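**Q** Whole structure, please, built from the sequences with the hints as guidance.
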Amino acid sequence: MTAPATAPPPAARPAPAVASAPRRRGRFGVHAFLFVVSLGFLAPLLLAVYASLRPYEETAKYGYFSLPRHLSFDYYVQAFVDSGMTRYFMNSLVIAVPGVLLTLFLASFVAFAVARLRMRGGIVLLMVFTAGNLLPQQVIVTPLYVLFNKIPLPYWMSDSMTMYDSFWAVIAVQIAFQLGFCVFVLANFMRTLPLEILEAAIVDGAGVWAQYWRVTLPLCRPALAALGTLQFTWMYNDFLWGLVFLSDGDKLPVTSALNNLRGQFFTDYNLLAAGSVLVALPTILVFLLLQRHFIAGLTLGANKG
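One point on numbering: in my numbering, the residue at position 57 of the sequence shown is 169, and numbering is uninterrupted.
Rather than coming from a laboratory, the hints here were simulated on the basis of the structure.
Predicted model, so just to flag it, every value in this text is computed and none were measured.
There's no promise every hint is true.
As the list claims (entries may be wrong) - The following label-pair restraints were derived from C-beta to C-beta distances:
#	residue 1	residue 2	range
1	Phe378	Leu305	57 to 63 Å
2	Ala312	Val148	48 to 54 Å
3	Leu151	Thr198	20 to 26 Å
In this text, a Cβ means the ideal position worked out from N, Cα and C, and glycines have one as well.
**A** Below is the structure:
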């Protein structure tokens with residue numbers, strides 16, 4: 113008897129390289145799209161840097177998109193000296209640094225109470241803080257102006273003896289408007305933390321302050337770093353509140369220093385571009401220093417089901 117014929121082996125699967133070719137083309141398209149979008153966002157900054165390195169006479173004759181004939185950093189030195197930027201930098205730091213620290217500290221307090229203490233009305237309280245961000249800032253400029261002129265302060269806190277024309281007014285407004293967003297973000301972040309960690313701390317005898325300061329707050333470091341970066345950028349770049357509540361020119365933030373580079377009859381826009389780049393450097397530096405924590409705070413929880 114002859115042996116039965118064996119069944120032919122199953123057809124071999126296509127090579128992985130062939131199967132993944134459409135996927136690679138899709139990734140290339142996504143990367144190309146992201147590159148174009150990133151270039152669109154960076155184009156104004158790159159154009160400002162390019163213009164700040166060229167003499168105004170050259171760009172006026174050949175255009176801003178022409179090839180350079182002469183490049184130098186003379187405009188940066190002139191912008192820094194003519195605008196008195198050192199004093200304005202310090203003014204912005206006096207406003208932004210305490211504003212960021214107090215905002216994160218107070219927002220983490222409220223977020224901890226809403227997310228971890230199971231307090232009654234926590235959701236309503238969170239909605240109230242979040243709704244504060246929907247109020248247009250320009251609507252309350254006049255009421256705040258009148259109010260700050262009537263709030264007395266001692267001389268060592270304000271030269272005007274009122275809250276108006278003092279850094280306290282700008283810091284208070286910045287905290288009030290940024291608090292709701294930070295509470296919303298931190299409350300949702302704290303809800304993702306394992307509840308067993310807090311229960312173990314309670315078993316070990318930790319009070320409410322220890323639960324907040326020693327247990328919860330260290331775990332929120334990525335979220336605090338991401339919020340700190342955003343808050344510093346927003347408070348540092350703000351121009352409206354400093355212009356409204358500070359009448360003394362020596363107290364204005366650095367964003368107002370650019371007005372010192374504008375002439376009465378003529379404005380050198382290349383010089384103004386150099387000043388704009390100098391003003392943006394601190395925010396770029398803060399982002400570079402906190403980049404790792406900032407990205408971690410944005411992507412944390414992205415892979416959770």
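**Q** Would you mind marking each hint as holding or not holding in the structure?
**A** Verification of the hints:
Taking 57 to 63 Å as the suggested C-beta distance range, the pair Phe378 and Leu305 conforms, at roughly 58 Å. Our hint of 48 to 54 Å for Ala312 and Val148 holds, since their Cβ atoms are close to 50 Å apart. Between Leu151 and Thr198 the Cβ separation comes to about 34 Å, which falls outside the hinted range of 20 to 26 Å.
The earlier numbered hint that this structure contradicts is number 3, and it is the only one.
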